[in-house]
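Asker: With the hints as constraints, model all of the structure from the sequences given.
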Amino acid sequence: MIAMTRAEQAGLVRAVADANPDTVVLLLGSPYLAGLLPPEVTAVCGYEYTPLSTGSAVSLLAGGFQPRGALPVKLD
Amino acid sequence: MFHKPTLCALFCALTLAGCAPAPAPLGEPAQSAPASSAPEDADPAPPAAPAPAPEGERARELLAGMTDEEKVGQLFLVSIPGTGLDAASLAFLTEAKIGNVILFGNNCENGAQISALTDSIQRAVTEATGAPALIAVDQEGGEVTRVTDGATVYPGAMAFAASGGKPTALDPVPEANALRIEGEFVGEELRALGINCNLAPVADVNTNPLNPVIGVRSYGDDPERVAGAAAAYALGLQSRGVLAVAKHYPGHGDTSVDSHYGLPVSQKSLDELAAAELVPFLTAGKAGVAGVMAAHILYPRIDPDGRPATLSKAVLTGMLREGEGLSNGFEGLIFTDSMRMGAVTSQYGIGNACVLAVNAGADILTTGTGGDGAAGLQVQRAAYNEVLAAVKNGTISRETLDDRVGRILFYKEKYGLFDGGLPLGLDHTHEEEHARFAQEVSDKSMTLLRDPRGLLPLGTLAEERLLAISPPLPLSGPTPRPPPSLPSRLTGSPGGRCSSTPCPTGRRPRPAQPRRRRRTGS
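So the sequence lines, in the order shown, correspond to chains A and B.
Each step along the first sequence adds one to the number in the numbering used here, with nothing skipped, and position 53 is 201.
Each step along the second sequence adds one to the number in the numbering used here, with nothing skipped, and position 279 is 643.
Worth flagging that the hints you see were computed from the coordinates, not collected in a lab.
Glycine is no exception: its CB is placed at the ideal position from the N, C-alpha and C atoms.
Take these hints with a grain of salt, some might be off.
What the hints assert, rightly or not - Derived coverage of chain B by chain A (criterion: at least 3 residues anywhere in the stretch with Cβ under 8 Å from a Cβ of chain A; other residues may be distant):
1. 523-529
2. 655-669
3. 805-811
What the hints assert, rightly or not - A few chain B residues that don't get close to chain A, going by computed Cβ distances all over 10 Å:
4. Ser484
5. Glu507
6. Thr509
7. Ser633
8. Ala640
9. Gly652
10. Gly740
11. Gln742
12. Glu763
13. Asp767
14. Arg814
15. Asp815
As the list claims (entries may be wrong) - Per the computed footprint, the stretches of chain A lying under chain B, defined by three or more beta-carbons under 8 Å from a beta-carbon of chain B, are:
16. 174-187
17. 205-212
Answerer: Following this line, the structure appears as structure tokens:
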């Protein structure tokens, strides 16, 4: 599991995904960061890096609830 | 606490937002409604209207008796250093007859301290000027939240929008009900702290993926949806007596430069802006949102003089106030974004920029900035002196000054500040419900983009080990509540340096645990 908040972290995310394809990326920033991700990783948008969003993200990873959000921006 | 049926209605409204009607527009604020008597449920109906009085009478009387010095002081929204009103700040406020104060993170430690600070400010300003102060804050939610201890921290705009799920033709703003409730909750909390103006919502349409400053502070890239979302939040705030200020006019969402550091330029025409960026602001104007904050962005196709929106008569008076070429004008208060930002300071002196802004059509000059020190008081005082000199020498006409100050005083009266400007005391009654609501929305915002290898939930990786890598958490505030169903090894504080935590994932957590029973509301 790797949390990504800025575009500068894309290289690290790619390196982690290369080492282990079973990688979950939490995008705790702009959803447009998704464009920088390797296609094989699991990707979740949490939109911000705050105590609230990290709490929700961890609950989601642990199966506490099903993801229900929808992207409010178009990703191309 | 909520009454049970109301709690049920609240969560049903969130869950079934697709079937719920959009909140009724509410142009009138809760006049002088003290937070202590705010409705104890989430009923979005406005408090009962006070006895009708000739609106604006006190404001007109006050204006008529004001000196130039006092009038110029009303134009300013200043910052002060520290968490209390020190002697230098007090002297600045009272000697320059400053009318309004903005609080930043460095002014806000906790609820009791903020209450004491706003109380000191309100007493000093009211005594020195005869009018109550606007006390403002950027409480957008998410990463732009100044009060993190003493008020509930809510998710930011984009998370709220995501929590509504997919919009449909019948329900284009599925998060509107939740935003209305958020606005009411934030309004109650701010008023309880003595803060009566929130520089939110962000009404920018985030049309540029590379935008460095708006991004997740926006409700998204659909103008109509942003309009509905921003209006719902603003009217929630205003129903609790807190002025909402939609920002950043005419739209900071299509820029790739942060106006804190440079001057963004947009080549859009009026027609192009009217089709996207302006939609939320036109809606805000029709809905009766109290304020609009202008941005330091250059629109060469609208202002041939090459002035940023904050200093541009074509933008502030032509487009915004008079609605030239648009469906409607704006009657409320026009705020500038901070005149201390790089976009303005790099090309204009602060004082000169303030004079240009007033003549362009701005009512309130924001000269405050975050983390301001004692030197900031001198900078702001110099700006005040320049504006005062411009009034004395006729660069700013008295007609213009009276127009701006008259509007400011009118809104102070309209929002009941003359009667309820003093802090109303902390009210922790709703704390738990508000925090639960915030967490509920945050949970609902989590958006799965893809899971091609079926990794979620992580517990399926029995016998495997988990490496968690994350940057340090930038936002200070209360430690996140550990999700109840989680193994303790995943609940450490995300603060500190970049952390990587290898740990066995163990067995899959028992699914379908009733940890979120409250969500059903029954």
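Asker: Now tell me if each hint is right for this structure.
Answerer: We went through each hint and held it up to the structure:
no.	hint	in the structure
1	523-529	holds (count 6)
2	655-669	violated (count 0)
3	805-811	holds (count 6)
4	Ser484	30 Å, holds
5	Glu507	5 Å, violated
6	Thr509	8 Å, violated
7	Ser633	23 Å, holds
8	Ala640	13 Å, holds
9	Gly652	25 Å, holds
10	Gly740	28 Å, holds
11	Gln742	35 Å, holds
12	Glu763	44 Å, holds
13	Asp767	38 Å, holds
14	Arg814	5 Å, violated
15	Asp815	4 Å, violated
16	174-187	holds (count 10)
17	205-212	holds (count 8)
Violated hints, in rising order: 2, 5, 6, 14 and 15; the structure is consistent with all others.
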